Amino acid sequence: MSAVIWAGCGTAFTFLMTTLGAALVFFFKEQIDDRMQCACMGFASGVMSAAAVFSLLVPAIEQSEAQGGSPWLVVTTGFVLGALMIASVDRVLRFAGRARRADEAARMRTLMYTAVTLHNVPEGMAVGLAFALAAKGGGLGLAAAITLALGIGIQNFPEGAAVALPLRQGGMSRMRAFVMGTLSGAVEPLFGVLVVLATSAVHQVMPALMAFSAGAMMYVVICEMIPEAARCRMGTRFAVIGYVVMMALDIALG
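The opening residue of the sequence shown carries number 150 in the numbering used here; numbering runs sequentially from there.
Hints are computed from structural coordinates only; laboratory data are not their basis.
A couple of the hints might just be wrong.
Label pairs and their in silico Cβ distance ranges [to be verified]:
no., residue 1, residue 2, range
1, Cys381, Leu291, 43 to 51 Å
2, Leu291, Ala215, 16 to 24 Å
3, Gly217, Phe175, 44 to 52 Å
4, Ala379, Leu346, 40 to 48 Å
5, Ser151, Gln353, 20 to 28 Å
6, Leu346, Cys381, 45 to 53 Å
7, Arg380, Ala292, 43 to 51 Å
8, Cys381, Phe175, 21 to 29 Å
9, Ala161, Thr225, 28 to 36 Å
10, Phe176, Leu222, 40 to 48 Å
11, Gly218, Gly320, 43 to 51 Å
12, Phe175, Ser219, 46 to 54 Å
13, Ala255, Val389, 37 to 45 Å
For clarity, every value in this text was computed on a predicted model and none was experimentally measured.
C-beta: ideal position from N, C-alpha, C; glycine also.
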């Protein structure tokens, strides 16, 4: 039980940081012009791209190598399956959208939200696993678990903003965009606690799961978000800014 409590505490911090990032929607003016819409989408695409590479793919390769597997096979297969999953969701949403004459922008925001939420699942599991092992006297210890939670938590701040701001610029109210951004990170404490119940089994599939999440994120970024952000120079600039911010955090915090 102590391992579950420690895992819950560690992932609660990362969830809180996502919430704080989503709260940035309260600081934006009521009407968002086209340039700001491009900027929000550009920043989100940059953050998601860097997170897919540095938070998911690189650790997936390293963990797969440590397990003595074939990193290229595990990571490539997971990445492709993740992209195919989002492509299937996209196809279903397009079909349903035509039937209901729904807005294309709403479909894109749904895909983005799905990808970011998936991305938070392995992060929550990683933090929960670290705290569970520390509580049992294994792994790298409590200090390493706290460092991991701190690093992922700080990274979650721009991710929370990357979810909430595009929802806000799409016409959603500030409060609803904030709640949706917050809920995207709610999977972290959930899966962080669940991982304690299946520590050994989950540890083996973590590289594939991270690659799967990266594939899902990159599909959305390339097919939907970058074309939207590239409608103006402001969007392109903020895509670079978002990428640099997330890359710097990942490299600095490990």
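How the hints compare with the structure:
1. Cys381 x Leu291: 43 to 51 Å: Cβ of Cys381 to Cβ of Leu291: about 48 Å, so the range 43 to 51 Å holds.
2. Leu291 x Ala215: 16 to 24 Å: holds (21 Å)
3. Gly217 x Phe175: 44 to 52 Å: Between Gly217 and Phe175, where Cβ atoms are some 48 Å apart, the hint holds.
4. Ala379 x Leu346: 40 to 48 Å: holds (44 Å)
5. Ser151 x Gln353: 20 to 28 Å: Holds - the Cβ-Cβ distance for Ser151 and Gln353, about 24 Å, lies within 20 to 28 Å.
6. Leu346 x Cys381: 45 to 53 Å: Once the Cβ atoms are compared, 48 Å apart, the range 45 to 53 Å for Cys381 and Leu346 holds.
7. Arg380 x Ala292: 43 to 51 Å: holds (46 Å)
8. Cys381 x Phe175: 21 to 29 Å: At 25 Å between Cβs, range holds.
9. Ala161 x Thr225: 28 to 36 Å: holds (34 Å)
10. Phe176 x Leu222: 40 to 48 Å: holds (45 Å)
11. Gly218 x Gly320: 43 to 51 Å: This hint holds: roughly 46 Å between Cβ atoms.
12. Phe175 x Ser219: 46 to 54 Å: holds (47 Å)
13. Ala255 x Val389: 37 to 45 Å: violated (27 Å)
Against the hints set out earlier in the document, a violation occurs for number 13 only.
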